[in-house]
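One letter stands for each residue in the lines below.
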Amino acid sequence: MNINLTLIGQMVAFLVFVAFCMRYVWPPIMAAMEERQQKIADGLAAADRASHDLELAQKEAVDRLAEAKKEAAGIVDSANKRAATLIDEAKAAAVVEADRVKELANAEVEREKAQAKEQLMAQVSALAISGAEKVLAAEIDADKHANLLKQLVEEQ
Amino acid sequence: MAAAGQEKTVSDYIVHHLTNLTYGKLPEGFHRHDGHTVAEGGEWAFAHGADEIAAMGFNAVHVDSLAWSIGLGIIFCALFRWVAVRASADTPSGFVNAIEMIVEFIDNQVKDTFHAQNKLIAPLALTIFVWVFLMNLMDLIPVDVVPELLLLAGVEYQKIVPSTDPNITMGMALGVFILMLYYSITVKGFGFVKELTMNPFNHWAFIPVNLFMEVVGLLAKPFSLGLRLFGNMYAGEMIFILIAALFGAGIFWMLPAALLQLGWAIFHILVITLQAFIFMVLTIVYLSMAHEDH
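Taken in order, these protein sequences are the chains called H and U. Take the first sequence: its position 148, counted from the start at 1, is 306 in our numbering, and no numbers get skipped. Take the second sequence: its position 94, counted from the start at 1, is 106 in our numbering, and no numbers get skipped.
None of these hints come from the bench; they were simulated from the model. Note that CB positions come from ideal geometry on N, CA and C, so glycine has one too. One thing to keep in mind: the hints can contain errors.
If you only want the chain H side, here are some residues facing chain U, beta carbon under 7 Å, derived [stated by the list, open to error]:
#1 Gln168
#2 Met169
#3 Phe172
#4 Pro186
#5 Arg194
Make a model of the complete structure from these sequences and hints.
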């Protein structure tokens, strides 16, 4: 329990170690720890921001999807309408065309009928005249009676 | 007769364990244990026995205390410097993490107690805590191991727990005291004089009374700091030595001594940490008071 020079020695050693710690130990460790704290804080903030962004993106995606569905439905609807109109138009056009063709055909038939009738009349009158010529060859003057027959044909 | 002889042996054992390896200056004319007389001008030598140590007085060094204390201080500096070099903002690995935990713990303690701006306080607190803890930790090494090994090597005395030496604890306490005075004067200036003379009775007539009370209060701080640590560690060491002596008391004492040793060692883990912590906290508190102007 003697107080001696050891006291001074320990005091000097103490101050030296404290100075060493203050100069070479404390600052680098604290700097590293503070830097890490900052890094972790930044990381957490970034994660927060990212999750917020994700939420926004999901909301937007849902909105976009709904919009797209609506648009698609509109497109299908209008296409259907258009198709219906096209069909109707085509139907109407076909009916008109059919009528026209029918009319044309009828007119042709009518014309051909008239022609045939005329030919037939001419042939019948010629035949009648030739027949009558044969019957009346002797006594009937062809020129005199031809006038009569012509009159007959015209009366017909 | 036999009992008296045995008692002497045990007390010799205890005294031997409590004697420091002392290197000092013997005064001239001193008769040494081997018969020769110290020549004129004195003689520097390793002391043999209590009377030689007493004769050396202040001119002596406890080689063992200083060697262990400085050695442990160097271990502290090397360990923490090793970590300081490797510390980075990346994920810390095991040992670096452990050291950083200690540093953060100290930093929180300082931030809780010390509110002024001073870059010295935290490193000071760290040094005190870890160094005192390491010195106290030597207490857990069985008391005979190192002294007996060194005795084989020819070293007569060895006390391996530096904090059981009042020179060591008071040396640190006085170091803190110097810092207290330094900061009291630089931070408060004349306010420090006023604090010593005008407290607690704020009247010029009470200046002598105030001065006396304040100076006693001021001086009590380093003594309470140093002697608390010394007292606790010395008592703990003493009990370890007594338990060690109990092992030699006979075969039937082996088991109780072993149990006592185990129990006291486990309890001491708490004591050494607590004493290091108290020394550190009181240092922070005292220096914080030195920075606070009234």
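How the hints compare with the structure:
1. Gln168: 3 Å, holds
2. Met169: 4 Å, holds
3. Phe172: Holds - the Cβ of H/Phe172 comes within 7 Å of chain U, reaching about 4 Å at its closest.
4. Pro186: Constraint on H/Pro186 satisfied, holds at 4 Å.
5. Arg194: 4 Å, holds
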